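Work out the full structure: start from the sequences and follow the hints.
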Amino acid sequence: MSDSASTKRATVLAVTSGKGGVGKTFMSANLAASLAARGRRVLVLDADLGLANLDVILNLFPKVTLHDVFTGKVQLEDAILPAPGGFSVLLAGSGLVEYSRLTPEVREQLLRIIETLAPRYDHILIDTGAGISDVVLYAVSLADEVLVLVTPEPTSMTDAYATIKVLATQQGRREIRLVVNQVGRLGEGRTIRGQLQLVVDRFVTPMLPGGEKAPTLELTGEVPLDSSVREAVQKRQLLIEMAPGCAATRAIEATAAKLAP
Amino acid sequence: MHPSQPDTADSPTLRLAPAMQLLQQSGRELPDRRAVGQVVWLQAVLDGLCELSSRDPLTGLANRREFELVLASEIDRVARAGEPALMLMIDIDHFKSINDTHGHPVGDLVLKAVAQTLKECIRPMDKVARFGGEEFAMILPNCPPSFGQAVAERVRKKVESCSVTIAPGQQVGVTVSLGGAFAPQWVRSSAPLWIDRADQQLYRAKTEGRNRACLEQPTVSLVSAEEKGLLFGTSKFADLP
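Taken in sequence, the protein lines are chains A and B. Note that the first sequence covers residues 0 to 260 in numbering that gives the first Met the number 0. Note that the second sequence covers residues 0 to 240 in numbering that gives the first Met the number 0.
Just so you have them, the derived chain B footprint on chain A, three or more residues with Cβ under 8 Å:
no.	region
1	100-114
2	129-143
3	151-157
4	166-175
5	189-198
In silico DSS-like links for lysine-lysine, alpha-carbon gap of 25 Å or less:
no.	chain 1	residue 1	chain 2	residue 2
6	B	Lys156	B	Lys118
7	B	Lys95	B	Lys156
8	B	Lys156	B	Lys126
9	B	Lys95	B	Lys118
10	A	Lys212	B	Lys227
11	A	Lys18	B	Lys227
Simulated from the structure, these hints should not be mistaken for laboratory data. The model shown is predicted, which means the values in this text are computed figures rather than measured ones. Every residue gets a Cβ at the ideal spot worked out from N, C-alpha and C, and that includes glycine.
Right, here's the structure in full:
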């Protein structure tokens with residue numbers, strides 16, 4: 000799989016959610032590790048430029064970050080770090096406040112990073128910040144595919160819907176992946192996808208240019224509430240390494256399998 | 000290259016007559032005949048043909064083909080630089096009734112007059128094109144959103160203020176409706192989506208009575224109570240979190 004991939008470009012997947020605190024960074028890291036375990040070359044780009052915490056999740060203390068790349072202090076190559084789980088990361092660090100606005104510099108830098116690194120990996124995951132700010136929307140626009148992470152909470156569903164609406168109307172997204180995190184029981188993900196699709200069909204599709212394909216939500220995964228998740232985050236370990244075989248790990252692995260069949 | 004030689008199977012020659020005819024008909028100065036067959040001459044012919052294929056013959060404005068090229072490069076520029084760019088779709092009001100009342104030659108006069116007026120409205124960096132029929136399109140790079148309405152309004156007033164002389168002593172007034180949308184600020188934005196957004200605003204300007212300019216309002220990310228109601232499977236909007 001990886002040798003055929005060496006001639007082509009990575010699939011760039013943006014992980015976004017609207018609402019913060021739904022497990023975006025946790026999911027990006029564990030999905031990346033699962034993809035790596037399937038033999039894929041994976042890079043996670045921490046695009047939460049204002050309040051990054053991929054380093055915290057992965058228990059890394061980076062000496063070089065995107066900040067140094069942006070200022071030209073180091074080469075892009077030198078900022079790519081190995082992460083536990085067998086994938087690579089580009090960390091933002093938490094001091095990138097001056098880059099949390101979408102300046103032409105941030106645009107050009109992020110575009111250059113993706114263009115430079117896409118030929119070297121099979122998957123690039125862009126971990127975006129919360130919200131639907133222009134930095135988040137720009138980061139998503141760099142990706143081939145977008146994954147919206149949602150939990151069964153009404154606030155999360157509302158923000159996920161707002162994100163989907165903006166992506167469909169402003170960026171012309173027609174296929175959007177949905178992963179439902181923290182489900183109480185398996186099957187709840189399908190219900191939530193169904194609800195979101197219903198509202199999209201009713202309110203978003205009529206806003207689109209006539210004759211265009213309607214946006215569809217694809218349920219790529221559902222991950223159950225699992226006490227191991229909290230424990231892994233507390234211990235700053237990857238769930239799939241700390242608790243192989245637990246319900247959430249199996250669900251994340253099933254999700255990765257859909258991303259990399 | 001020996002365009003003057005007869006065509007044989009061994010040495011195929013260029014058939015230039017149709018091209019030269021088109022160039023001649025357009026009123027362009029023809030490339031210097033003394034250089035026939037030389038690269039510099041051929042380049043001049045190609046330049047002439049490119050120019051022809053990017054212009055609207057009636058109004059002399061850029062045609063839709065040229066406009067779409069400009070659009071693509073503007074989308075790329077906006078994605079990289081993040082500068083705002085405004086697209087205006089401009090449609091002559093009641094054009095059909097001008098044609099029906101005064102005949103097609105007068106319709107052509109009106110099209111030319113409006114085209115000339117639009118040309119006078121733009122900065123050197125802007126582009127105005129005849130998009131098709133009585134519809135024109137404009138791209139204004141680096142136009143701040145706060146100026147959009149004023150810019151569109153200025154174009155509208157300028158057209159409204161000039162009348163078209165259709166016969167000695169006989170003039171007709173003409174107005175336009177305008178729809179505007181700012182460029183998508185993202186990578187992978189599509190030109191058809193941008194055009195469609197401006198078109199939707201043009202439609203709004205038409206239905207709201209014509210001779211007006213409507214620009215897209217940035218309200219799309221709001222989630223209404225109705226949408227929330229459907230999302231949570233209830234119609235009691237007031238009770239929602």
